[in-house]
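> Based on the hints, put chain P in the right spot on chain E.
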Amino acid sequence: MRTKLTVNTRDVSVEAPPTETLLTTLRDRLQLTGTKEACVEGECGACTVLLDGRPVDSCIYATAAAAGLSVTTVEGLCGLDGSLSPLQQSFVDHFAIQCGFCTPGLLMTLNALLEANPDPDREEIENAIAGNLCRCTGYTQIVEAVEAINQESLS
Amino acid sequence: MTGEVGRSSIRSDGAAKTTGKAIFGTDVILPGMLHARLLRSTVPAGRIISLDLSKVVEFPGVHGVLTAADTPNQRSGLVLMDAPLFASEFVRFEGEPIAAVVADTRAIANQALALASLEIEEIHSVGSVEEAIAPNAPLVHPDWESFATPPGLEWPRSGNIVAETSSDPEGVDEAFAGATTVVEDQFETGRQYQAYMEPRMAVAEFDGQRFTIHVAHQFPYNVRDRVAAAIGVNPSEIRVVGHHIGGGFGAKLDTGLEPYAALLARRFGRPVRLANDRSEDLLTCQCRDNAVIKIRTAIGKNGELLARDVDVLMDSGASATDIPFLTSIPMHVFGSLYRIGPVRIRTRAVYTNTAPTGAFRGVNGTHLYFALERHMDHIANRLNIDRLEYRRSNLQPDGCKLPTGQVLNDAGILSEAFDAVEQLAPWNGLGQGPNRGVGIAACMWLTNPMPGSATLKLNSDGTLGVLTAATENGSGAIATGVRQIAAEEFGLPAEKVIVTMPDTDAAAFDAGSQGSRTTHIVGRAIREAAIEVRAQILDTAADMLEAAPEDLELANEMVSVSGSPSKQVSLAEVAATAQANSGPISGTGSYTTPMPPINPTCASGLLFPAFPTPTYHVHVAEVEIDPATGIVRVLRYLVAQEVGKAINPQAVRGQIQGGVAQGLGYALWETLQIDAGRYSQRTLEAYGLPLATDTPEVEIALLEHPDPAGPYGAKGVAEPPIIPVAAAIGNAVEHAIGKSVNTIPITAEHVLEALSNS
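Protein chains in written order, with the working numbering: chain E, 1 to 155; chain P, 1 to 758.
Bear in mind the hints are in silico, worked out from the structure with no lab data behind them. Model, not experiment: these values are computed from the prediction. For glycine and all other residues, C-beta sits at the position ideal for the given N, C-alpha and C. Among these hints, one or two may not hold up.
[Stated by the list, open to error] Now the stretches of chain E that chain P is said to cover, found in silico as 3 or more residues with beta-carbon under 8 Å: (1) 38 to 48; (2) 77 to 87; (3) 93 to 100; (4) 139 to 146.
Chain E with its partners taken away, still in its complex shape:
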């Protein structure tokens, strides 16, 4: 079946079986491989994308259900000149990355958090990313990267 949606502000039309997941469409058809496949059970959050601004696990979300909606992936976070967003830059500056496989999903979840709550405290940040597994960092430097943005925006 044909589904029309917007991906990173670009209109796309895909022909895919009705059971195809958004993750498969993004990775295999649109070759947007920044969104990661890690569990395909909606458990780890590595495949998180924004759907009309709301974070969803693209591995258990049917592409057909995204018809007419706007999808943002990690590839859509940079500036037009390729510059990093403040959150991306803060991840780099605060060692919030180790292997980096969970990073795209975390960035999407945190973008949604900061959109809804521009000044989250530590507990709010931890709760927001409790659905994003990171095996490398132990999370502290990720939380600090988000806190640093708050401090910069307040100063």
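Here is chain P on its own, set in the frame of chain E:
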């Protein structure tokens, strides 16, 4: 000098990893690439009655299948040649590959595989280490005697015992006979799944002559050699290209899917991608081994440790992997940290009908130190001495000897680590109040000595290239440490150093990301290479500046004449001049740590004889127990860690924070129960990884006693943070509830059970 060493320079891969542009192994797409899936055993032990793949082959979009009948009839392995590629007559663990199908897409391969007709007659499985050593136990491998070992490498093994290391020094029985007190413990520890976020994968292509295998792997040279042995070609016929690695933690050191992808690519003439889904990845991963550890210590009238007797049973699963090396580790652990008389140790690793186990960050150190340090608490409690005070009064001094005969010249560092955690938070102030407890645990650990190399080239724009087969496994060893060391050598900022991704056709051997070795070994190799490169730079600049090379200084990307700073040329000018006149500037260095001397007759089966470049660490955990639910909450976690020299303090902190989080998962939540050879937990959700809401911020004190052989003094960093965590947590839980929980993980159910036992 720009002072790159000791500075928290940002990672070289930070932008790629935050923009989604970093290509991980799983992102590799080649023109014409096909997709493969494996048909796996559904039972832990059985005889294959029939296998009919005709409907699989006929399915539209399928290119074909491979089975044992199509592959070399040989077994291979890291040290013991005991693992077939495909099971033929018997299956020996759930998930063992039986056949491979290759198709246009992964979806087609999955649909086709569902049409396979496979009949297995289930036979009695050996599901536990106790069953494996029981009299008349069925043999997991009845043909174990026929398994080959590498030339010159032999060790005691028989039947289900795949490796045994034993040491029986004089005086143990006499000491027990004369002891005032004997304390005895038994500990049972579970498996731990590495649970890296990127499931294992491989993409292989064959050009009619040679293979190229694309991996996200910690040890590309091992892939080359192991695939060559498994499929019967020369190593030089295989090129391994490394991409970004979505975590490994030891599980991506041995081969897994690569030999199948290579065979399929050759057979079907197209590039082939083979990747695990999460469930099969969990079921077949070489997890940290589960173990049963019995430990008994004889104590004198003044509390002195007279002698010890230790028996360790490790579960190797259905093949040996690297476990025959790991049966040596108790020899480095049970006589360490505290002064003690003779120590008798018998360690046996056994075959069971479960997925093969193997390396996980800190290997069996996690459960060996759990046993040692939980046991130390029990001794102190029995003697009615404060647990910290008892440890401190028995610490080994500089120059002490391990049971292997290895001398630890710097063992006294451990005392400073105890001081450092006391400064972070005084022992007497922790674990106070109802349902609260505090635990302390120490460890001594090695820096893996295996060889590595680096080639440096000074580019004509003044940047420095570093060519190495070492891998960036997430730790920052390449993305920060190695890069900063190379920068420091030439007065460059780190941004001007470019380290290659690994390619076995290009860079010389490197032993991979294991045992905290990369910064230490590759950093030292860079320093060796830099001697040659520096000489070329100064010779060239001397001609340009009409000065003697010994009068020149190299700093801030410039070469200048001492005392005449206006007489200077840039590194870029030097590189361009050399390139035009005498040839490009480059040099190569190699390094491997010499093994410390030991007493070779101290034990039999000691394949891993010593702990080179030791480091010393102390962890303290404060916990609170909910007596209604049994849930353990970690309130504070302190680490004092010896690192030699922190090349990048924030990267070091990341290793400690992340290692402790993995240790907390091991200690408290992560569960792989084995029921008649099958895992009860089969998804990430059921397995129970630590979440952001579970993990406290770790309070850290770094100790820096530079290693004269290490680059700028650096020692290994990444493994130690996970090692004493379960011990510290176990000791804190026992302190809180007044009951001993001698298992890992210490789940809420275990705590409740202990509380209900009066």
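> State the violated hints by number, sorted upward, taking the hints as numbered earlier in the document.
Checked against the structure, no hint fails, so every one of them is satisfied.
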